[in-house]
Each structure stands twice: as structure tokens, then as C-alpha cells.
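J.: To convert, take the position in the sequence shown, counting from 1, and add 179; that gives our numbering.
Honestly, the hints are just simulated from the structure, not real lab data. From the three backbone atoms N, C-alpha and C, an ideal C-beta is built for every residue, glycine too. Heads up, a few of these hints could be off.
No more than 25 Å apart at the CA atoms, straight line, and that leaves these computed lysine-lysine pairs for DSS-like [claimed, not checked]:
1) K194 / K256
2) K309 / K319
3) K308 / K319
4) K337 / K287
5) K287 / K319
6) K288 / K337
7) K337 / K319
8) K256 / K203
9) K256 / K266
10) K308 / K288
11) K203 / K266
12) K308 / K194
13) K288 / K309
14) K337 / K308
15) K287 / K266
16) K309 / K337
17) K308 / K287
18) K288 / K319
19) K319 / K330
FRET-style restraints, in silico, Cβ to Cβ [unchecked claim]:
20) D198 / K319: 45 to 51 Å
21) E329 / Q307: 21 to 27 Å
22) D286 / H354: 17 to 23 Å
23) D357 / A237: 44 to 50 Å
24) E331 / K194: 55 to 61 Å
25) S230 / L189: 21 to 27 Å
26) R299 / R261: 24 to 30 Å
27) R299 / K330: 17 to 23 Å
28) L196 / D342: 49 to 55 Å
29) D342 / E183: 44 to 50 Å
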Amino acid sequence: MTQEEIMEELLMFFKALSDANRLKIIGLLAQGEHSVGELAEMLGISISTTSNHLSMLAHVELVSARAEGHYYYYSLKTEALRHMAEKLLKSDNLPKLSSSVDMEAYDKKVLDTFLDSDGRITAFPAQQKKFMVILHHVVKAFEPGRRYPEKEVNEIMKRFSEDTASLRRGMIEYHLMDREGGGGEYWRIE
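Given the sequences, and given the hints that come with them, work out the whole structure.
T.: Structure follows, in C-alpha cells:
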């Protein structure tokens, strides 16, 4: 099943459940089968409205009907409900729902706000989340696995800001880099 098909199926399922009367119908059918007339009477709504609700629930295969004389008796398809819940909660399906979303849009916006056209930091954001975006941007200038003396760390960080002390502290505090004590070497944590 493609991602678009999964998304469409989930949207139809949640749309079917997004009405109080349809949820009440599911609750009533969970207790046993009922005719349209019985459901309409219990809910205090018209038979045609009840039929429309049942039609929507049948479309997503949550209810089934059986004919008995001139009446149809509806029942809840608990297996279908269980199957949809399992499909929805399947760990690899949930992240796929956001695959078409630009995950880096927030980071781009923060960088556009706090960096000038040369990539230098114009101000340090007050919010921790935004500061982390800046730090993640700066740490990319360091090669993983390589150790840097403090002087070289400062030279690299000066490309981004004269306030190298704030950048170094942030890198250590947020575990993007580590260091040896006493002005020793720094390295990027992978």
C-alpha cells in the first residue's frame, strides 16, 4: 500500500469517527446489533440521518448489515476496528504520515533570522530550541573524529561569531562537542 493510500484510508477512518452520533452508534453496536429504526429512536435523530451515519461507517468497513424481513440489522465489525488500530499504531506507519513535510523548514527559518548573508550570527536567540539550531549549524564546521586544539576551535567559530566563548560553552553544554580539561583538545560528538 502506498503512502498516499495509507493516508487516504486513515483520513476516511477518522472522518467516519469524527461525529458524536457515529461514535454513539459504534458504542451501541458494540453492545449488540440494532436496526436503523432502533438506533434512530435511541439517538433521537431521524431514520435518514441514522442511515447516512451507518452508510459512512459501512464505507470504512466498521459496520455490517444483515437483512431480516423488511429490516436491516447492523453490527459492529470489531475485527475491522482492531485491524485499523493495529495499522495506525504500527511503528513504521506513523512517521510516514509526515514524509511530505519539510522537516528542516523550522531550522531554515531560524538560520535566516539569526544569520546574515555571510553566515555569521547576528544575535544569539534567547530560546533554547533556536539556540540549538544555531549550534547544530556551527558544529557542522568540525569533522567528526578529529581533535582540535582550543586555538583552532576559536578560529573556526570566529567564522560564525566573535563570541567564541558562548559557542564553545553551548557546544559542551548541549553535548555537541566534548573536551579535555584545562584548555586541551575539543572534538565533535558524533
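J.: For each hint, tell me whether it holds in the structure or not.
T.: Verification of the hints:
1. Only pairs whose Cα atoms come within 25 Å are accepted, and K194 paired with K256 is accepted, the gap being roughly 17 Å.
2. Our distance criterion of 25 Å between C-alpha atoms is met by K309 and K319, whose separation comes to about 16 Å.
3. With a CA separation close to 17 Å, the supplied pair K308 and K319 stays within the 25 Å bound.
4. A distance of roughly 21 Å separates the Cα atoms of K337 and K287; the hinted pair therefore holds under the 25 Å criterion.
5. For the hint linking K287 to K319, the alpha-carbon distance of about 15 Å falls within 25 Å, and the restraint holds.
6. Distance restraint check for K288 and K337: the Cα-Cα separation of roughly 22 Å lies within the 25 Å cut-off, and the hinted pair is therefore satisfied.
7. At most 25 Å may separate the alpha-carbon atoms for a hinted pair to count; K337 and K319 meet this at roughly 14 Å.
8. Between K256 and K203 the alpha-carbon distance is near 15 Å, which keeps this suggested pair within the 25 Å criterion.
9. Restraint check: the Cα-Cα separation between K256 and K266 comes to about 16 Å, which is no more than 25 Å; the hinted pair holds.
10. Simply put, K308 and K288 have alpha-carbon atoms about 12 Å apart, close enough for the 25 Å limit, and the pair holds.
11. Between K203 and K266 the CA atoms are separated by roughly 23 Å; this keeps the pair inside 25 Å, and the hint holds.
12. Restraint check for K308 and K194: not satisfied, since their Cα atoms lie roughly 34 Å apart, outside the 25 Å limit.
13. At roughly 10 Å between alpha-carbon atoms, K288 and K309 fall within 25 Å of each other, so this suggested pair holds.
14. Restraint check for K337 and K308: the C-alpha separation of about 22 Å stays at or below 25 Å, so the hint holds.
15. For the proposed pair K287 and K266, the alpha carbon gap of about 33 Å is over 25 Å, so the pair is violated.
16. Between the alpha carbons of K309 and K337 the distance comes to roughly 20 Å, so the proposed pair stays at or under 25 Å and holds.
17. Restraint check: the Cα-Cα separation between K308 and K287 comes to about 13 Å, which is no more than 25 Å; the hinted pair holds.
18. Proximity of K288 to K319 is assessed by CA-CA distance (about 18 Å); at most 25 Å being required, the pair is judged to hold.
19. Simply put, K319 and K330 have alpha-carbon atoms about 18 Å apart, close enough for the 25 Å limit, and the pair holds.
20. Taking 45 to 51 Å as the suggested C-beta distance range, the pair D198 and K319 conforms, at roughly 49 Å.
21. The hinted range of 21 to 27 Å is satisfied by E329 and Q307, whose Cβ atoms lie roughly 25 Å apart.
22. For D286 and H354, the hinted distance range of 17 to 23 Å is satisfied, since their beta carbons lie about 18 Å from each other.
23. Taking 44 to 50 Å as the suggested C-beta distance range, the pair D357 and A237 does not conform, at roughly 60 Å.
24. The hint said 55 to 61 Å for the Cβ distance between E331 and K194, and at roughly 58 Å that hint holds.
25. Look at S230 against L189: about 25 Å separates their beta carbons, and that is inside 21 to 27 Å.
26. Between R299 and R261 the beta carbons are some 56 Å apart, a value that contradicts the proposed interval 24 to 30 Å.
27. One distance hint, 17 to 23 Å for the beta-carbon pair R299 and K330, holds here, with the actual separation near 20 Å.
28. Range check, L196 to D342: Cβ separation about 53 Å, and the 49 to 55 Å hint holds.
29. At roughly 47 Å, the beta-carbon separation of D342 and E183 lies within the given 44 to 50 Å, and the hint holds.
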